[in-house]
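Construct the entire structure; sequences and hints are all you get.
As a plain string of letters, each chain reads:
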Amino acid sequence: MTTAAAVDLRDVTLAYGNFVAVKDVSLSIRKGEFVTLLGPSGCGKTTILRSIAGLVQPTGGEINVAGRRIDNIPIHKRNIGLVFQNYALFPHKTIFDNIAFGLKYRNVEKAQIATKVTRALEMVRLPGVERKLPSEMSGGQQQRIALARAIVIEPDVLLLDEPLSALDANLREEMRTELKIIQREVGITTIFVTHDQDEALAMSDRIVVMNKGLIEQVGTPEEVYRRPESRFVASFLGQSNLLPGRITGIVDGLATVRLDKGHDLVAAAPASLKDGAAVTAIVRAQKVVLGPPERAGLKGRIISTSYLGGSAAYFVDMGGITLQSIATIDDRVWREGEEVSIAIAPSDVLLLDEGGHRLR
Amino acid sequence: MSASMLSAADRRRPWLLLAPSLITLFVLMIVPIGIMTIFSFYEFVTAGVEKEVFTTANWHEFLTDSFYHMFLWKTIRVAGITAILCALMGYPAAYCIAMTNYKHKWLLLLLLIVPFWISFTIRTFSWIHILGEQGVINVLLLKLGLVNEPIRMLYTEGSVIMGMIHFLLPYMILNVYVAIEGIDRNLISAARTLGCTAWQAFREVVLPLSLPGLMAGLLLCFVLAAGSYVTPQILGSTRDALFGNIIFDTIMDELNWPMGSTLSLVLLIFLGAVAAVYSRYMGLSRVLKGLSG
Ligand SMILES: Nc1ncnc2c1ncn2[C@@H]1O[C@H](COP(=O)(O)OP(=O)(O)OP(=O)(O)O)[C@@H](O)[C@H]1O
Ligand SMILES: [Mg+2]
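If you read the protein sequences in the order shown, they are chains A and B.
Here the first sequence is numbered in my numbering, starting from 1 and rising by one per residue.
Here the second sequence is numbered in my numbering, starting from 361 and rising by one per residue.
A couple of the hints might just be wrong.
Said to hold, decoys possible - Listing some non-contacts, in silico: residues in chain A with all C-beta distances to chain B over 10 Å:
(1) G102
(2) L201
(3) E354
What the hints assert, rightly or not - The calculated lysine-lysine pairs, modelled on BS3-like cross-linking and capped at a C-alpha distance of 27 Å, are:
(4) K23/A <-> K465/B
(5) K132/A <-> K93/A
(6) K212/A <-> K463/B
(7) K116/A <-> K132/A
(8) K116/A <-> K77/A
(9) K104/A <-> K132/A
Just so you know, these hints were derived from the structure itself, not from any lab.
Predicted, not measured: the structure shown is a model, and the values here were computed from it.
Every residue, glycine too, gets a C-beta built ideally from N, C-alpha and C.
Put into structure tokens, the structure is as follows:
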């Protein structure tokens, strides 16, 4: 292969005893790419990182990094940078010794270690703290030191396990941007783990959405957000309405979905859609447009309103079906009990088959 | 809240809470030590009789008689050997208990404490049946024809050290265990991913971070061994006596209370000094941190 993937997982499976934490995960990551593993707690994100680093041994499959198979070589011979959620800085060593640690075991010369450490500290915007101990640094600073320690060894891939989750909200936003800038500067292939979708959407080149040890979807932030492949992805990312129904007719590429309570919804029909099929219609809350009750179309009544400043979130009762709607406020805010009309554009309706997979 | 804002009752409260322990300490420690200090300056007349006059004769005797120096040095040596052997034997055990993936770790810790359920004296006596001339080992060796006459294992310095290790090892293991248990496993993982072999990661992370526990264990074992009296009494010959036994003999056999008091104070001052110097250089806070994890 001319363009070998920087990281290539093939059918990686890992079981703790009888419990399968990661199942047949295949994933190929380009050099320099920033890929995020996103999923709920316990879906196996950390397990994948730890098996790449060698801290756990997969029960099946193959892991290649920088064109060489690594799942059968010992941890210390893999060239991988891992940043832990709790930073895991060596408390008894100075910042200098922490960052120099990996270089020392790579037999780098003393003089060169010093320059590399200095450069790494400059990169994470913390010059001059070499003599301090980790306990003398703030959470955000420790985070940067941990990053410097992982990057300075010039690893083939940088693994970040929820590195921002221990920081407070403001600092997290700041570090999010900073991390991304540093990653671009160094051009290092990065796998980032989080269960925070905003973080994933903001930072990633590609997102891997995981659930129960399986990959649900891989795609750019826009793809996974706008074109969810499955019920899980649709409900995990953003706010969506999931409406079960049945196709009652397809005309000119437009399908009519008869919802459970008898409403008709018009959706753009995918090629594989069959008349009479049971489907689930997915509509993002942002795509449920509310209007004055005189307007034609679906009718509803506001159950609750949450005023969010620039926008408002509504729950609307549509003849027994509760819809979620989020709208930017240009003229008015709908109040509880008000009658509204509901408009949903056909192109904003995605259809899932009975198995919960998107129809194409 | 600043100190000036505390009411009189608030300021009294700590003292009220401390009072029981302070009174106990005063009555059972300070007063007896004071009385012993006074006795150490009395004049010894004959067995059981002393004259209440001020004399430094007892201290002079201790400082000049090499008999006492010899036994003090021997006590230091035996206690030192015991503490170091405890460390060598205890560290791997503590490491295994702390690092095991075995689900019922508490059981291993319980096993460590089980010996304490049997009286210390009985545990010490049991060695006689193991090491003695009619003990298990010698009987077995004789039966197998490996030796012609019983090997002398009991009533030696070795058997004394063995008895003390038997009694002190759990203290060492618990101290080290707590220290190792408190180490974040991610630190080991971090060291490994940065290029350490398992052994190098142990040397770089686990060993230095468990050192306070090890040091606390060493101090504890040394002090307890140097102050021990029952073990050498039961498992040692007269030559294997430690300083505690000398004090016992002086007071109980010679009925020389002034000299006995002097020697007791010597041991107290010596062990106190060891603990003080040790904590000065190790930092008592670090030792205590090791104790508390
Ligand atoms: N050492 C272990 N022994 C047994 N089961 C384990 C072990 N480590 C993890 N698991 C299980 O494997 C599953 C995946 O764990 P993992 O740590 O990879 O989840 P995660 O996606 O990182 O979750 P989180 O977001 O909470 O960190 C979980 O259900 C967990 O209970
Ligand atoms: Mg995790």
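Exercise for the section: Run the structure past the numbered hints and jot down the numbers of the failing ones, going up. Expected result: When the structure is compared with the hints, numbers 1 and 4 turn out to be violated.
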